[in-house]
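**Student:** Taken in order, these protein sequences are the chains called A and C. Going letter by letter, the first sequence gives residues 1 to 119 in this note's numbering. Going letter by letter, the second sequence gives residues 1001 to 1206 in this note's numbering.
Calculated from the structure, these hints are not laboratory results. Don't take every hint at face value.
[Unchecked claim] FRET-style restraints, in silico, Cβ to Cβ:
1) C/Pro1019 <-> A/Arg57: 28 to 38 Å
2) C/Arg1140 <-> A/Ala42: 36 to 46 Å
3) C/Glu1047 <-> A/Arg41: 21 to 31 Å
4) C/Pro1152 <-> A/Thr45: 47 to 57 Å
[What the hints assert, rightly or not] Short, incomplete list of chain C residues facing chain A, as computed with Cβ under 8 Å:
5) Leu1018
6) Arg1126
7) Ala1200
[To be verified] Stretches of chain A that chain C covers, calculated by requiring three or more beta carbons in the stretch to come under 8 Å of a beta carbon on chain C:
8) 68 to 82
9) 108 to 114
Every residue gets a Cβ at the ideal spot worked out from N, C-alpha and C, and that includes glycine.
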Amino acid sequence: MSTTGRDWGDEAPERFYVITRGHPQPAGRAALDLVTLIVARAEPTPSMPPEHAAILRLCGSPLSVAEISAYLRLPVSAVTLLLADLVAEERVEARASVPAALLPDRALLEAVMHGLQRL
Amino acid sequence: MDFSGSDTELGPADEDLLPDSAAAAVKVVIVGGFGVGKTTLVGSVSEIRPLTTEETMTQAGAEVDDLAGIERKSETTVAMDFGRISISDELVLYLFGTPGQERFWFLWNGLFEGALGAVVLVDTRRLEISFDVIGRLEDRGVPFVVAANAFPDSPACPDEELRLALDLPPEVPIVACDARVRESGRDVLLALMHYLYDLAGPPPAR
Chain A
1 MSTTGRDWGD EAPERFYVIT RGHPQPAGRA ALDLVTLIVA RAEPTPSMPP EHAAILRLCG
61 SPLSVAEISA YLRLPVSAVT LLLADLVAEE RVEARASVPA ALLPDRALLE AVMHGLQRL
Chain C
1001 MDFSGSDTEL GPADEDLLPD SAAAAVKVVI VGGFGVGKTT LVGSVSEIRP LTTEETMTQA
1061 GAEVDDLAGI ERKSETTVAM DFGRISISDE LVLYLFGTPG QERFWFLWNG LFEGALGAVV
1121 LVDTRRLEIS FDVIGRLEDR GVPFVVAANA FPDSPACPDE ELRLALDLPP EVPIVACDAR
1181 VRESGRDVLL ALMHYLYDLA GPPPAR
């Protein structure tokens, strides 16, 4: 396995993300958290289901699963299923939340504290 | 689609867009009883107007009807308000406010999974509604701080009294706050981060 592009050093845990695209396991509930960031990687087309098109229009910039649910007024479970299809079709990129196994992580907490202090 | 004449949002306003460099997000859950100020707290620190998301949950009833031999199921819609704080160009923090008296929120897929920790927001006039929440967080090993929201007619309640009343372990931080004030809300979150930082263990030896 190539290690290219996997230089995630301890100093920058906020750079941790996972591209769920292409994973063999179901990219459904397990992979998509409330705060997984979704970014469109395709244009909506007239032939796709309207909900899929709506998600693609929304996600021109990164948007969390929770925000997509709120804007589309759909339950999170429904949005997750729609997103699983879009991820499988490589129409969206899913930038996963920081994995729980890494928590608590001092560098991550420092980054959050630093950000909060600027509020 | 006809959404005219409502405050329905079709998407984020331009100023609410995250940069494309946003690569990962973390979350903090704010739990507390009805009317304790969760949404106020979320709103005071959030960079976006708080949004609401809903989930419908089906739970097997606790009681089984012996005569019919059927387990009763109940369906509930649980709503959560949430807000967002950009920590850096790459990292985003989401805050989810969820009702504490709900026995359903632990069923919410992924709400606590991967959460950094929780803030238990309490009203010192009505502490009893916080007992259940605190017990459940402890059971699940979710680290939390307690924030006492200052209401105008709240009685003065020294931290140690509050600790005793809530049966809190000595290490759990208690902070007073005014959920309406951004800096105060921020300080609650900072208290949680400092606590988590301490829990993460001593700094690496030099």
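**Student:** Each hint needs a verdict: does it hold in this structure or not?
**Tutor:** Here is what the structure says about each hint:
Taken as a hint, the range 28 to 38 Å is violated for the pair C/Pro1019 and A/Arg57, whose Cβ atoms sit roughly 19 Å apart. In this structure the supplied range 36 to 46 Å holds for C/Arg1140 paired with A/Ala42, their Cβ-Cβ distance being about 38 Å. A hinted range of 21 to 31 Å holds for the C-beta pair C/Glu1047 and A/Arg41, which are about 25 Å apart. Against the hinted window of 47 to 57 Å, the Cβ-Cβ separation of C/Pro1152 and A/Thr45 comes to about 56 Å, which satisfies the hint.
At a threshold of 8 Å, the smallest CB-CB gap from C/Leu1018 to chain A is about 5 Å, leaving the interface hint in force. Because the smallest distance between the Cβ of C/Arg1126 and any Cβ of chain A comes to about 28 Å, over 8 Å, the interface hint for this residue is violated. Annotation: C/Ala1200 was flagged as interfacial toward chain A, and the flag holds, the nearest CB pair being 4 Å apart, inside 8 Å. Residues of the segment 68 to 82 of chain A lying with their CB closer than 8 Å to a CB of chain C number 8, which satisfies the three-residue condition for coverage.
For the segment 108 to 114 of chain A, the proposed coverage by chain C is satisfied: 7 residues have a C-beta within less than 8 Å of a C-beta in that chain, meeting the threshold of three.
Comparing the model with each numbered hint stated earlier shows that hints 1, 6 do not hold.
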